[in-house]
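Chemist: Residues per chain, in single letters:
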Amino acid sequence: MTQPAHLHPDRLLPAAEPARSIARELYPEVAELPLICPHGHTDPAWFANNERFASPTALFLTPDHYVLRMLRSRGLSYDDLGIPRKDGKPIADGRAAWRLFAANYHLFVGTPSKSWIDHSLHWAFGITDELSSDTADAIYDTIDTALATPDLLPRALLDRARVEVIATTEYALDPLTHHHKMEAEGLIGRVRTTYRPDDVTNPERAGFLDRLHQFGDLTGENITIWSGLINAHRNRREVFRRFGAVATDHGLPTALTADLAPLEKQALLERILTGQYDPEDADLFRAQMMTEMALLAVEDGMVMQLHAGARRNTDAHLLEERGPDLGGDVPSRVNYVDGLQPLLNRCGNEPNLRLIAFTLDESNYARELAPMAGFWPSLMIGPPWWFHDSPQGIRRYLDQVVESAGFYNLAGFNDDTRALLSIPARHDVWRREVCGFLAQWVAEHRLSKASARDIARHLSYQAAKDAYRIA
Amino acid sequence: MTQPAHLHPDRLLPAAEPARSIARELYPEVAELPLICPHGHTDPAWFANNERFASPTALFLTPDHYVLRMLRSRGLSYDDLGIPRKDGKPIADGRAAWRLFAANYHLFVGTPSKSWIDHSLHWAFGITDELSSDTADAIYDTIDTALATPDLLPRALLDRARVEVIATTEYALDPLTHHHKMEAEGLIGRVRTTYRPDDVTNPERAGFLDRLHQFGDLTGENITIWSGLINAHRNRREVFRRFGAVATDHGLPTALTADLAPLEKQALLERILTGQYDPEDADLFRAQMMTEMALLAVEDGMVMQLHAGARRNTDAHLLEERGPDLGGDVPSRVNYVDGLQPLLNRCGNEPNLRLIAFTLDESNYARELAPMAGFWPSLMIGPPWWFHDSPQGIRRYLDQVVESAGFYNLAGFNDDTRALLSIPARHDVWRREVCGFLAQWVAEHRLSKASARDIARHLSYQAAKDAYRIA
Amino acid sequence: MTQPAHLHPDRLLPAAEPARSIARELYPEVAELPLICPHGHTDPAWFANNERFASPTALFLTPDHYVLRMLRSRGLSYDDLGIPRKDGKPIADGRAAWRLFAANYHLFVGTPSKSWIDHSLHWAFGITDELSSDTADAIYDTIDTALATPDLLPRALLDRARVEVIATTEYALDPLTHHHKMEAEGLIGRVRTTYRPDDVTNPERAGFLDRLHQFGDLTGENITIWSGLINAHRNRREVFRRFGAVATDHGLPTALTADLAPLEKQALLERILTGQYDPEDADLFRAQMMTEMALLAVEDGMVMQLHAGARRNTDAHLLEERGPDLGGDVPSRVNYVDGLQPLLNRCGNEPNLRLIAFTLDESNYARELAPMAGFWPSLMIGPPWWFHDSPQGIRRYLDQVVESAGFYNLAGFNDDTRALLSIPARHDVWRREVCGFLAQWVAEHRLSKASARDIARHLSYQAAKDAYRIA
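Top to bottom, those sequences are chains V, H and X.
Just so you know, we're using my numbering here: the first sequence kicks off at 1169 and counts up by one.
Just so you know, we're using my numbering here: the second sequence kicks off at 1169 and counts up by one.
Just so you know, we're using my numbering here: the third sequence kicks off at 1169 and counts up by one.
These aren't lab readings, by the way, just hints derived from the structure by calculation.
Small disclaimer: the values here were computed from a predicted structure and weren't measured.
Hints should not be assumed to be uniformly reliable.
Derived contacts from chain X toward chain H, CB cut-off under 7 Å, selection only [said to hold, decoys possible]: (1) Ala1184; (2) Val1505; (3) Cys1515; (4) Ala1534; (5) Gly1542; (6) Phe1543; (7) Asp1567; (8) Glu1571; (9) Gly1574; (10) Phe1575; (11) Ser1616; (12) His1626.
Glycine included, every Cβ here is placed at the ideal spot set by N, Cα and C.
Next up, chain V with everything else stripped away, as it sits in the complex (with noise of 0.2 Å):
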């Protein structure tokens, strides 16, 4: 059978010679690798539990929010997309969604979601018809129906995807029953967690003060002291060691960090404790305590990922009436130079400390982050991410930071995804755009086509284990 138009085996791949041919012979050589995934956002009870997912619409498109926020924007309710209010109100149903979905599924044109989702069709399903009103019942019970199968369960899908390592992400508080289930079965290492504390490090969330003491309850330190506070996060690190976290995760408004002597800190967790704080003290807190992360790491060795620049739930309505995560985060500006700048003054130059940043500011991979990995030993450049993590975005990454922080610098790949079929699609686009790139440069005499070959492997596979320290 020839392959649909959308499923092309060049696609991507640069159209004119010759560099085509060239991408073509490096494409191959990368496209069957193990999948290296140290940051994402799967749900372990997956795994853990290795249940059939519940359908189509749960699947593609309920927890979807680069889906979901797209139909909203061309003016689709959230009620007939299924999305479960607050309030308890109705909503449609699955199929009816899925529908819904399908007749505006030419609004994707041109996205990486639809190429993630043609691609998952295909690759999980078989699947090579487009989703459309004509196609949408056909489809979803084609997908309903393996999704009742052994091999559409989850540990199935890492098989199958060829995952060799995956990372989910907790916070402090998680008490990580699924990853306790997994160690029993023998699952960590395959699938880790990763350490992100947010939820204890940064006072403008719900609840913070509260779940500051919950820290101190459950890692029996006194939390009201700042060594304390330290101490429960160094606890906390270990214990997430134990069920395979290599890397830590940060997100955060800004990129701002700080260095405050030690009477300092405590009088500022003091403003915390007591509410008396504010926003410049928020903002310094989460700042000092990305230094104390660092320091930790300089101890324990974990790695630590900065992902500064979201601006979440700009939606406040939103927010109020369904929840978080559905498509109202946007980027905004990072100041990544004056950012980091007390950091790395403190311990920016310790061996053992690894700091991967990303950015949703593109300004700042040839001005700010391509200079600044290419010269702190601790610092490298995490792969395009988010909205950025598509055909043009990574052309843009790679155009930008290359030639100042190299290729060793970076960081290799990672889906950053909560949606389980996306990976491989993630994963082949960023191989494909690499050897696209490699193939470019190598049509223009900048680069040996061995040196190609090395770096396409490099960055499809390697790259991401070395950065991540994963052995």
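Since chain V is already given, all that's left is putting chains H and X on it; use the hints.
Modeler: Just chains H and X, lined up with the frame of chain V:
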């Protein structure tokens, strides 16, 4: 006769195969579509009076700030280019100015100005020679002779250019004299006004308070109370709609909006009315007025355009000597995320609101506007504006907006020009670039040719009608 | 002998037809033009004394902060790379450092450093092997032997590299000893100094006040009154002109300028002189000095260069351990619109003023510098600077500046380097990229081949002479 190089039929299309052949298929299908011009600055007197244009210089040189600025930047004097002085001192006459322009036409190589002028000379006058010292007089005479013929009268030009709809832009206090005349002649609908109330929303424009009182007189509202001020706008918007207005337009140094409580609004208005305000108050007044305009748009369905980020009249000496709009305006950084937050949280989910955002800060495209337009139902992205309405500007725009906003959150094209003859040229550049972009994606198997064809037609014609709610 | 891949004659030229053939026509016409080097940091002692270079390591590794930073970023130690320490502790010797460099040369794949070094090894030493552990010793020996020959003496290198003019850069207090010697030998004109008064305009540099008093002594002016301080500069600029200076250069963290009233200036100076000033005063002093320099430039016609946006010595530990210029400088965001406003409004229309602006913030290109240079007669845009003096950097630059500034507001190329041997390589990359860019536009019928030919020659040679007023 063979086309000279600068009018080559393939100009701007991708040079390399296979994209070139695909673009050559796409472009002819959109090249001759009618022009929708929903935002621009042509003089309504032209269409109302339908009189001949005065001279080649008055048509191509004196009113074109793109052209003037470039000549000035290379040391030519505005006196020698025939730009009137406020002190009435002598300036060059039309033909002398034209010769100087022609002698320096090489300065425009690589600029959109040159492509617009080359195109204009050809489509309107059949001139295929390039402007130069050698051709200056002959071209001047050809144009001057042609301008005396019926074919070159303003209304005939609309026909020849296939302009289906064209909007002019008038301030809130404008008497709309020319539109009255056009109404009588049945021209409204094809020609439309646009409500641009900057004259009564920006306290820092000279003469603001006088105008605000005139605004009250004109509308019979008490503009010293906030609700009266808003009523005055409500009233005036209705009048503008009678003359075809489907949109409002707002030119602001920043994208700041506000959502004050009623008492705060009244207090602010009082500070403004008494002149007891500081620059922050002026910002706040403009910001609050944006949200008020959005609320009125929710009521009356007029489409709201925000042109943010132009720093006006940066050369104070030039402003004093000859006035505004002579090239001294420059772009500046814009923050759309924080700026629009109050407005969008007030009414960004209202189905009746349509806000089209334009920027001169291209870093907004991928970081802010595309993610936001891909979420908020009310928000669309306007085409590349001003300095960026150019081949490279359009490429950067499509590169950066499509993946996160999709094609259907784009407002199509508008020419935004006061240069009537450049209108077909500008639309043609947009259409060529859109076809080239889509052809490239088809060549990379990211898009079917059928999709590309649909999107090319949409972005060339229907998108603008839809975005501006033109029936 | 066939050229090895990394020295391919078509390198960097467009890979796809028809642009490739056009570029191959354009490039040979500019490849051999003499080099104009109006801004750089070569050591005047080289040309004055014409002595052999000490060693391969001293030539290629130790002084090259681009190379050092990359090696450091991947964990190599500056001790092992032979970088002197202030505490005098032992460091690696030249050959050991060279071997380490060679063993890690793969880190430079894709960086401009590699292309410069590959090119230098070839043109100066006839070496076509790539550097690696295997070739380290042989290449070291080849270079070391060659350095002892007359062909590799500094002045001979200027000849071989076809350097027509080269400017060094000296601080205001520099005794210009080497230039005195060169004057006696008739070298001034080919070698020129540049007036870089940062040592006496930046209050935050260590030792500033002492130097300011020295400046008064050296010039016989009373630097405690503002007019005396300006006179000291006037005087010193004249001395520099005697040694060929056609330009001044100003390195600043921001693009801030100011235009204070006389009394404010004197009060500011007094705060600076008594040390009773805060960081805002330091900013203001630097800002005001920029405008003063512009006013002096109006008097004496020296071309003013502004290099804005470098954050210096971001690694305080490294600075303390080994000093500056070892890779710890990084770019930061710049605001040229607001920054230059006071200066340009004071004298931006003066025919005698020429201000060449450089940026490390590429978002300035299309948003600020191109629109501003396309308006102000005094303003030109310098070539891509530092991290952006690279193939992709040049592409982004041309993409973003040409349409609004035209080709004739660009200052051509300068190499800005302290690495003598890299000079031909850097100019060659620029020329190749310019030809590739123009070829692409010719292929898209945006430019005639004749225009492309003229512009390629202009940007390769004459533009720099014109911009810097080199007769």
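Chemist: With reference to the structure, classify each hint as holding or not holding.
Modeler: Hint by hint, here is what the structure shows:
Hint on alanine 1184/X holds. Least Cβ distance to chain H is approximately 4 Å, under the 7 Å limit. Interface restraint check for valine 1505/X: the shortest CB-CB distance to chain H comes to about 5 Å, inside 7 Å, so the restraint holds. Taking 7 Å as the C-beta contact cut-off toward chain H, the hint placing cysteine 1515/X at the interface is violated, the least distance being around 10 Å. At a threshold of 7 Å, the smallest CB-CB gap from alanine 1534/X to chain H is about 6 Å, leaving the interface hint in force.
Hint on glycine 1542/X holds. Least Cβ distance to chain H is approximately 5 Å, under the 7 Å limit. Interface restraint check for phenylalanine 1543/X: the shortest CB-CB distance to chain H comes to about 4 Å, inside 7 Å, so the restraint holds. About 5 Å separates the beta-carbon of aspartate 1567/X from the nearest beta-carbon of chain H, less than 7 Å, and the hint is met. Because the smallest distance between the Cβ of glutamate 1571/X and any Cβ of chain H comes to about 4 Å, under 7 Å, the interface hint for this residue holds.
The interface hint given for glycine 1574/X is met, as the beta carbon of that residue sits about 5 Å from the closest beta carbon of chain H, less than 7 Å. Because the smallest distance between the Cβ of phenylalanine 1575/X and any Cβ of chain H comes to about 6 Å, under 7 Å, the interface hint for this residue holds. Interface restraint check for serine 1616/X: the shortest CB-CB distance to chain H comes to about 5 Å, inside 7 Å, so the restraint holds. Violation of the interface hint for histidine 1626/X is found here, the shortest Cβ-Cβ separation to chain H being roughly 10 Å, above the 7 Å cut-off.
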